[in-house]
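Visitor: Sequence:
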Amino acid sequence: MLKHFDFKDFDFQYKDCNRSDLREEFGMIQRRAHELGIPILIVIDGWESAGKGYVISDLVREVDHKYTRVHLFGEADECEQKKPYLWRFWMASPARGEMSVFDHSYYFNVMDDFQLDKKTEQGYLKDIETLERQLTEDGTVIIKFFLNISQKTQRKRTEEYQIDKFKKVLVTERDRRQVQYHDEYEEHLNKILNATDFPTSPWNIIPSESMRTASLEVLGRTIEVLKSQILDRMDRLKPQEKVEITLPKGNHPLDKVNYSKKLSQEEYEEAKTKLESQMIELGYELHDKKIPTVIVFEGVDAAGKGGAIKRLTKGFDPRGYNVVPISAPSQTELSYHYMWRFWKELPDKGDITIFDRSWYGRVLVERVEEFAKEEEWKRAYGEINEMERIFCESGIFLLKFFLTIDAAEQLERFQARMLNIEKSYKLTEEDWRNREKWDLYTKAYNDMLSWTNKEDAPWILVPGNDKYYARIKVMEEVLERGRAFIKKREETRL
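In numbering that gives the first Met the number 0, the protein residues as written are 0 to 493.
Some hints could be false.
FRET-style restraints, in silico, Cβ to Cβ [as the list claims (entries may be wrong)]:
id	residue 1	residue 2	range
1	Ala-194	Gln-264	36 to 46 Å
2	Arg-482	Thr-272	17 to 27 Å
3	Glu-435	Phe-197	42 to 52 Å
Simulated from the structure, these hints should not be mistaken for laboratory data.
Note that the structure is a prediction, hence the values are computed from the model and not measured.
For every residue, glycine included, the Cβ atom is placed at its ideal position computed from N, Cα and C.
All chains, please: the whole structure from these sequences, using the hints.
Guide: Next comes the structure, spelled out in structure tokens:
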């Protein structure tokens, strides 16, 4: 893409356009995109000193700033370093009807170091492909620009900036390194650009020998892409043929659950006392080794998730964990990709986040109650597997519990809650409606357990007809798997 690029022969499509007219047109198009709820992500990358700041300033001059956010990404700060690499980019992703402009982006780390080892580089590229695909499939328009300049121009601008009292702060070691190792960077950048030139989010290579001309080209191409996308969205509002997504045949893990397992109260109290002290030690060790921990609880209504979480957390320092109850998304959360609100809650290194229900709602309640379209919940299995892979590869200790009870036990617990004034608030009309759809939910549970049971993120099925057994089982699994995770991590580092 960059190698042997002839700046003189580049066809500047918008060089004869009136800049003011283009800005006004862009403003109108942005307002239309807002009305249609289209999220827009514009990525401005390129060589250092290529004029990214100039181009962005010109691009957003006439837009509606209520719906526009410009984000400058460089080295991750102390807070961001405590999260998975993609966390800060998910947080800055645009809501529906809004526009985000990234100065540098999630490409920063992989573009900035031409000496990255192959495994690390491939890891970045795989995560980037996942992020862009998930956003575009959810409706985000991604427009990517790479500002290209020659080594001669980069050296000249770097020298000029260094003697300018206002611009000298813009020159960093990165600028000097790129000038010094220009050929190596050019080869590296070509490789990255070619590998990430995806059909739904291709690269636009813009010569920036003249920043003014480059900014005009960026403005014009942005308008062109958005016009096309708006027409496409309006066309989609018309009746469409149903999208068919074929999934492999699922298994029936719940058929194999042994609901007869139980503990006496004496056995429970003895095990609880022993496990609580061990849980305290594990919690401090996870914190000391700066291991972020995510524990997911899903399950049948009234299966005992709340009680299991309450018992589990008694073994943790309250300053180091957070329980996140997931209910229907708020209006703000609905305006983002459905995974956004879960990325938002990820723990810092050494902390623990417990999800009382989770992103699996997409393939459970949203599927059964038809809150999500069929293509959306079917697509979600792959999206969830990819997200959890990224979590695990970033160093998160991930546990997933599914607590289950049989239909007779659920009915008994519902009736007991009705008669207990202190617990009646737990029983809602929705619980009874869900019970009427027992078979539909069971099918959804089995599909979820089949298609998202991965080696690094397996499901732990916990029979919950006996609450004592379920609570002890959860604690035992956290201890056993936590110790194994720490041991494997230490061995890998040797």
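Visitor: All hints are to be evaluated individually against the structure, with a verdict given for each.
Guide: Evaluation of the provided hints:
| no. | hint | in the structure |
| --- | --- | --- |
| 1 | Ala-194 - Gln-264: 36 to 46 Å | violated (60 Å) |
| 2 | Arg-482 - Thr-272: 17 to 27 Å | holds (19 Å) |
| 3 | Glu-435 - Phe-197: 42 to 52 Å | holds (44 Å) |
The earlier numbered hint that this structure contradicts is number 1, and it is the only one.
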